[in-house]
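Protein chains: 2
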Amino acid sequence: MTTLDGGARPTRVPEWLRQRAALTPDRIALIGGDEAPTFAALDAQADAAAGRLASAGVGRGDRVALLAANSLDFVRAVHAVGRRGAVLLPLNVRLTPAELAWQLADAGARLLVFDAANADAARALAATDHGLRLLPLAELTARDGAAAGSEGDREGMIDLAAVHSIIYTSGTTGRPKGVLLTYGNYLWSAVGSALNLGLAADDRWLACLPLFHVGGLSILLRGVIYGATVEVHAAFDAAAANRAIDGGVTLLSVVSTMLERMLEERAERDYPASLRCVLVGGGPVPPHLLEWATARAMPVAQTYGLTEAASQVATLAPAEAASRIGAAGKPLLPTELRVVDGEGRACPAGAPGEIVVRGPTVTPGYLNAPEETARALREGWLHTGDIGYLDAAGYLYVLDRRDDLIVSGGENVYPAEVEAALEAHPAVREAAVFGRADRRWGQAVSAVVVLREGGAVTAAALSAFCRERLAAFKVPTRFEFDGPLPRTAAGKLARHQVRERWAAGSALTPPRTRVRAGRGPPLARPAPRRPRLPPPP
Amino acid sequence: MTTLDGGARPTRVPEWLRQRAALTPDRIALIGGDEAPTFAALDAQADAAAGRLASAGVGRGDRVALLAANSLDFVRAVHAVGRRGAVLLPLNVRLTPAELAWQLADAGARLLVFDAANADAARALAATDHGLRLLPLAELTARDGAAAGSEGDREGMIDLAAVHSIIYTSGTTGRPKGVLLTYGNYLWSAVGSALNLGLAADDRWLACLPLFHVGGLSILLRGVIYGATVEVHAAFDAAAANRAIDGGVTLLSVVSTMLERMLEERAERDYPASLRCVLVGGGPVPPHLLEWATARAMPVAQTYGLTEAASQVATLAPAEAASRIGAAGKPLLPTELRVVDGEGRACPAGAPGEIVVRGPTVTPGYLNAPEETARALREGWLHTGDIGYLDAAGYLYVLDRRDDLIVSGGENVYPAEVEAALEAHPAVREAAVFGRADRRWGQAVSAVVVLREGGAVTAAALSAFCRERLAAFKVPTRFEFDGPLPRTAAGKLARHQVRERWAAGSALTPPRTRVRAGRGPPLARPAPRRPRLPPPP
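Here the protein sequences come in this chain order: A and B.
Start counting the first sequence at 562; every next residue gets the next number (my numbering).
Start counting the second sequence at 562; every next residue gets the next number (my numbering).
The shape of chain A in the complex, shown without the other chains (with noise of 0.2 Å):
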């Protein structure tokens, strides 16, 4: 007890919901469709569902699975997974039910709750494992006052070291990993991205990116802790993005090219003082965007985060956007992030290197997977694969992500998950899976294929075989029949000489941003160039 040195001891704070009912019972919680519960009655309602959990078995360490677009049922659902002391499973409704398979699988779930859309993918997959229970989540959060309370923790507290959830990345091995992500992440990374950006009463955040992804749902975790309302989008859509900013909404995260579908959608007219910052992720920002974002007084953060962080790792701060153009700031205060090169030395200023972070936001590791666990943290230290520089100030600079993450419309795609459903194909001897610089996606899905002896298949044969194993957006969008694939002595895919060869003419990463030193005069308004693509596969 009255030791001086320190050590472990467990950190326990009131459970983050029902403390936030007693403090702002009357504050709105959440906006979404023609609903806005108070934090009191999503407290309730949160209990009331735990209570259906509890009739259901859901008990203390159960991985429930949640099969469900953004909607405020889904967040009710979170928190009664949590109120159980349950670990909560969110899945990405793009997925193949092979894909999701896997994922229930791995992380031992034994409920899986889903929505009206996914209904026939939840009794698809109901009815290949037979151990997995389904639960409507219309059923979950009915309010038909017939709900017993919850039987949950009365005592209401947290531990932060236990687990919240379990989101799947897909890996360089193609074999997706569970990352584990603590109460103690969430709430850490909800206290360095304030100790950023700031706290006001009247904060309303906007979710609209999928709440299965850590930027989604980091934000309905963060609403809860700040007591800040949270106006939820069932998806993202230009128009209701911008009108929810002329109503009121001061923060949101999105990734480029949903800012760039804002900002062609508004067209001429500015943003409202109250819009305090637009935080923007998911790869690297084009400057041309940043420079539209300022001529329409829309304040940009650039953000560099990752799953195995809880979200934001670095954010440039909004003052500082238009002198440090590319840059995706500075560390939370919490997070320490350093570029090192091979052999774990810190590369001086302005030498790219891979970039590591340590902290209270960086995942325990991966479930069932030791050995990756071993080789992502080492002495506390996330190794992300990422490679940047730091600025002689400090300003991470973020010049490619993983070696071979694609990155498409913020949607991780990992080559060798696709490389591995192509190799499925019997015409395909082998595969090279890479991205290709785009407009509007950030990064497009492209495949180069060498078949069999004998083997014929068209692109679009292709294509529709991989619709079935993989998520859409997966899919490469172009493919090269050519060969032979290039490899390393050791017989491993030599993946830059893959891009070099094959994605001639366009960049083989989103163009390296420039960097503006000093503050420059403020950025003209920049004519808007906006190709007429056509929409996503």
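Check before you lean on any hint, since a few could be wrong.
[As the list claims (entries may be wrong)] The calculated label-pair distances, taken between Cβ atoms and stated as ranges, are: (1) A:Gly809 with B:Arg1039: 51 to 61 Å; (2) A:Gly717 with B:Glu825: 39 to 49 Å; (3) A:Gly809 with B:Gly809: 22 to 32 Å; (4) A:Ala1033 with B:Ala605: 49 to 59 Å; (5) B:Ala935 with A:Gly620: 32 to 42 Å; (6) B:Gly903 with A:Pro586: 24 to 34 Å; (7) A:Gly620 with B:Arg906: 24 to 34 Å; (8) B:Gly903 with A:Pro571: 21 to 31 Å; (9) A:Ala678 with B:Asp831: 55 to 65 Å; (10) B:Ala605 with A:Gly620: 33 to 43 Å; (11) B:Arg804 with A:Arg830: 41 to 51 Å; (12) A:Asp587 with B:Trp663: 32 to 42 Å.
Think of the hints as simulated: they come from the structure by calculation, not from any bench.
Computed from a predicted model, the values in this text were never measured in an experiment.
Even for Gly, the Cβ is constructed at its ideal location relative to N, Cα and C.
Starting from the known structure of chain A, fit chain B onto it as the hints suggest.
Just chain B now, kept in the frame of chain A:
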């Protein structure tokens, strides 16, 4: 690494000042005298001072005492001690040499840093403790360029469970106890406060409370965590505080008596809209003062806190001040607060009981005092000894500080300590000390003295006798020669009976604050009531 169940893992974050200097190097960290160092400058100054501490042999875990009035050098010393991994022992400059010697010995301090005003006291202490080395504050923080860089923790990480400082509070037994406060205690307090009061990029805190108290020290640490400017005043001066607010101070902490003097000095002028919040702690605030402040457009937030919880426990948001007069608000987000009866059961709404507190702002215990620690901390709950109640909406009303505590002008006075001093006089057989309601100071110290047979001493002589042994603010301002003293069957002083008998006519404690239900109409501007009382003892 992949447990789902939580548990104890040490939480480490980058050292605040180092990280803050990296994040916002050019922001003004401190204002005081004619200096206004940036965070980068303060960081370099702390490094230089830490180098001097290293030369003086200070290493990890050593306790460094600091005997100094408020100044920027005080702040530099605080950060230098932390950077060496040493533990800060801030000393109350109003204490007598004997009181200081006791704390130095109990804490095992080997180095005493002192400012010019306290040089005589420091030398006297060193003369009686030959193991105590002295280091003038001006020498520690000199900017002559000769100091080596810090040999401190190059990794620059903080373990949140490590002790940052030891702050002594007197106890019911009269023996002061060293409250251990960890880095985590201060960080969680800062986070909890920001989640309540909000955070703005242009926030400026005024530190006009003594920095050796938790109320002042925590402002310094909040400044670094938030990246907010802290303006340091050498001592409280109502006119200077008002000028600072006109000059851009947005937040400050005061006690009632300071608030009253500021309002007196302000006369008819309203406070500017830039003033976000005035936290008023250190005991109940008389309703007429709250009304007066409201009439002057000063947003006041009553707060309840104590050293053992790193300052704030509960705070009433300024927006609610008018509708909840007398309330100390609701707990900070990371803090649990209950009111319990003698068996530890939660009291119903409106029923008074002991205020107990749990959460990451609560001290791990008292130094060298396992029994007192075990008594105060039970299952994580800090038993404050203070009496209050929660209303049906969960607002805390503090009725009475712990049974025997006198709060006079924001300083805590423990009767047992004063009684022991009185009973050391050869003419005194026994003494009882209690607080008498006082409009200006909240409470004034009063004594009932029973003389020995044949003993004779005047009030003036007893006052002089006390002054040699006790800080001036502890010396009774009124003596009653009377007796016998009421005692319980076990022979303990019956303090309630003492107060009932000898405090007759003057209220026992500050009048119970009125509770207004609901949100009443805006308060009418009160007629200023400003009794001209003599200056404090």
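Here is what the structure says about each hint:
1. A:Gly809 with B:Arg1039: 51 to 61 Å: Hint holds: Cβ distance 58 Å, inside 51 to 61 Å.
2. A:Gly717 with B:Glu825: 39 to 49 Å: Taking Cβ atoms as reference, Gly717 of chain A and Glu825 of chain B lie about 45 Å apart, which means the hint holds.
3. A:Gly809 with B:Gly809: 22 to 32 Å: 28 Å Cβ-Cβ, so the 22 to 32 Å window holds.
4. A:Ala1033 with B:Ala605: 49 to 59 Å: Because 55 Å falls inside the window, the suggested range holds.
5. B:Ala935 with A:Gly620: 32 to 42 Å: 34 Å, holds
6. B:Gly903 with A:Pro586: 24 to 34 Å: 30 Å, holds
7. A:Gly620 with B:Arg906: 24 to 34 Å: Cβ of Gly620 of chain A to Cβ of Arg906 of chain B: about 28 Å, so the range 24 to 34 Å holds.
8. B:Gly903 with A:Pro571: 21 to 31 Å: The hinted range 21 to 31 Å holds for Gly903 of chain B and Pro571 of chain A, with Cβ atoms some 29 Å apart.
9. A:Ala678 with B:Asp831: 55 to 65 Å: 56 Å, holds
10. B:Ala605 with A:Gly620: 33 to 43 Å: Violated, since Ala605 of chain B and Gly620 of chain A (Cβ atoms, about 54 Å apart) do not stay within the stated range.
11. B:Arg804 with A:Arg830: 41 to 51 Å: With a Cβ separation near 43 Å, Arg804 of chain B and Arg830 of chain A satisfy 41 to 51 Å, so the hint holds.
12. A:Asp587 with B:Trp663: 32 to 42 Å: Distance hint for Asp587 of chain A, Trp663 of chain B is violated at roughly 50 Å.
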